[in-house]
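Participant: In order, the protein sequence lines correspond to chains H and V.
If you want our numbering, it's the 1-based position in the first sequence plus 75.
If you want our numbering, it's the 1-based position in the second sequence plus 93.
Hints in this document: simulated from the structure, not taken from any laboratory.
The model shown is predicted, which means the values in this text are computed figures rather than measured ones.
A virtual CB, placed ideally from N, CA and C, is assigned to each residue, including glycine.
Any given hint might turn out to be false.
[What the hints assert, rightly or not] Quick list of in silico lysine-lysine cross-link-like pairs, DSBU-like style, CA-CA up to 30 Å: (1) H:Lys-79 to H:Lys-236; (2) V:Lys-97 to H:Lys-78; (3) V:Lys-204 to V:Lys-223; (4) V:Lys-204 to H:Lys-113; (5) V:Lys-214 to V:Lys-163; (6) V:Lys-204 to H:Lys-83.
[As the list claims (entries may be wrong)] Across the chosen pairs, the derived CB separations fall in these ranges: (7) V:Asp-191 to H:Leu-170: 27 to 33 Å; (8) H:Leu-237 to V:Thr-171: 54 to 60 Å; (9) H:Ala-85 to V:Thr-171: 37 to 43 Å; (10) V:Thr-209 to H:Leu-237: 43 to 49 Å; (11) H:Ile-233 to V:Lys-110: 22 to 28 Å; (12) H:Tyr-173 to V:Tyr-116: 19 to 25 Å; (13) H:Pro-159 to V:Tyr-116: 41 to 47 Å; (14) V:Thr-206 to H:Gln-131: 45 to 51 Å; (15) V:Asp-191 to H:Phe-174: 29 to 35 Å; (16) H:Leu-170 to V:Ile-167: 50 to 56 Å; (17) V:Ser-172 to H:Tyr-173: 53 to 59 Å; (18) V:Asp-177 to H:Ile-235: 31 to 37 Å.
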Amino acid sequence: MRKKITFKIALSGILCALGLIAFMLESLLPPLILPGAKLGLSNIFILLAVVLLGWQYAFAVLLIKTILGSLFSGNVSALLYSLPSGIIALTTQVLMLYFIKKISIVAVSICGGVINTIVQNLVFCFVNNTISYMAYSPYLSLLGIVSGAVVGFIVYLIVIKLPNRFTGV
Amino acid sequence: MNGKIIEKIRKTRFFSKGDLILYSAIICAVIFLFVFFVFLPLSTSSSNGFIVTKNNKMVCTFISGNLTVKEEFIPLVTSLSTEDGTEVTVYVSTDKLDYNVIMFYNDGSAKITKSTCSNSKDCCYFNPIKQSGIIYCAPHSLKLEPFSGGEFLPPISGGVS
């Protein structure tokens with residue numbers, strides 16, 4: 076039992092580190108088409124944490140990655156927008172994975188991507204008391220669909236290729 | 094519990110029947126966003142200028158080619174006429190180390206062209222705005238949006254300044 080918990084803690088640490096590296100690499104690249112739009116590759120590791128370790132570890136990975144990523148990239152104000160959207164998107168993904176029987180990981184990831192962008196825009200509009208910024212939300216949602224599909228596909232490939240000693244199946 | 098999720102992922106592959114309902118919901122949401130936040134504002138907007146605000150306080154307005162700077166921000170704003178339009182620099186503080194450069198083009202559009210905000214400088218990548226849209230620099234709390242003149246009313250509810 077203790078070995079299992081130790082394994083999970085170690086794996087969540089690795090996923091957190093990989094997520095941070097992906098986040099930092101993305102922050103060096105220029106925005107994708109629209110300002111604030113990123114590839115979202117760090118979400119691969121958060122979704123993997125949900126699948127391999129469970130929702131508790133996934134939330135821990137998300138919190139640590141988001142807080143440390145904002146500190147390391149020097150954009151602490153972004154934490155105000157990315158943390159609530161990340162938590163809500165991850166909650167939705169966890170609920171869908173655990174309670175909906177006939178759903179694919181790609182659809183879960185796409186849904187998470189869209190919710191992430193919409194919630195971020197809503198938080199931005201609430202903080203700055205302007206609804207004008209919602210004009211970018213449909214374009215960012217379309218990018219969220221593409222990024223969610225890529226993330227879901229990569230997570231699917233990892234899950235089918237991982238040996239059973241990692242998945243516990 | 095996780096073993097069941099992994100088995101489910103391996104069985105369902107890329108597509109499952111439940112995905113159809115989700116994808117249709119997402120498409121409806123995107124269409125709703127386009128109609129209410131892109132097409133409708135475009136058809137009803139009638140602004141002929143821009144307003145620059147910092148922490149929800151008016152800094153300056155640019156209406157019909159005329160720049161008007163609020164008295165308290167005069168030390169922090171400089172302007173320069175160029176071939177393409179009017180270039181306005183808004184400094185964050187009197188030490189003039191951090192700034193945003195806003196370009197008001199002759200064709201009636203505006204955008205932030207330079208900034209010292211953060212590594213990613215997201216505000217510089219916004220497309221020029223004309224009669225709708227908003228450009229925001231979060232680290233400097235600077236907003237550029239269309240304005241048709243009249244009294245500027247700051248937001249009533251709190252928010253974070």
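Participant: Look at each hint and say if it fits the structure.
Facilitator: Results of checking the hints against the structure:
1. H:Lys-79 to H:Lys-236: 21 Å, holds
2. V:Lys-97 to H:Lys-78: 21 Å, holds
3. V:Lys-204 to V:Lys-223: 9 Å, holds
4. V:Lys-204 to H:Lys-113: At roughly 21 Å apart (the allowed maximum being 30 Å), H:Lys-113 and V:Lys-204 satisfy the hint.
5. V:Lys-214 to V:Lys-163: Since the Cα atoms of V:Lys-214 and V:Lys-163 sit roughly 26 Å apart, the hinted pair holds (cutoff 30 Å).
6. V:Lys-204 to H:Lys-83: 48 Å, violated
7. V:Asp-191 to H:Leu-170: 27 to 33 Å: 43 Å, violated
8. H:Leu-237 to V:Thr-171: 54 to 60 Å: Cβ of H:Leu-237 to Cβ of V:Thr-171: about 59 Å, so the range 54 to 60 Å holds.
9. H:Ala-85 to V:Thr-171: 37 to 43 Å: This hint is violated: roughly 55 Å between Cβ atoms.
10. V:Thr-209 to H:Leu-237: 43 to 49 Å: 45 Å, holds
11. H:Ile-233 to V:Lys-110: 22 to 28 Å: 24 Å, holds
12. H:Tyr-173 to V:Tyr-116: 19 to 25 Å: Holds, at about 20 Å.
13. H:Pro-159 to V:Tyr-116: 41 to 47 Å: 25 Å, violated
14. V:Thr-206 to H:Gln-131: 45 to 51 Å: Cβ of V:Thr-206 to Cβ of H:Gln-131: about 46 Å, so the range 45 to 51 Å holds.
15. V:Asp-191 to H:Phe-174: 29 to 35 Å: 48 Å, violated
16. H:Leu-170 to V:Ile-167: 50 to 56 Å: 54 Å, holds
17. V:Ser-172 to H:Tyr-173: 53 to 59 Å: Roughly 58 Å apart at Cβ, these two residues keep to the hinted range, so it holds.
18. V:Asp-177 to H:Ile-235: 31 to 37 Å: 54 Å, violated
When held up to the earlier numbered hints, the structure conflicts with 6, 7, 9, 13, 15, 18 and fits the remainder.
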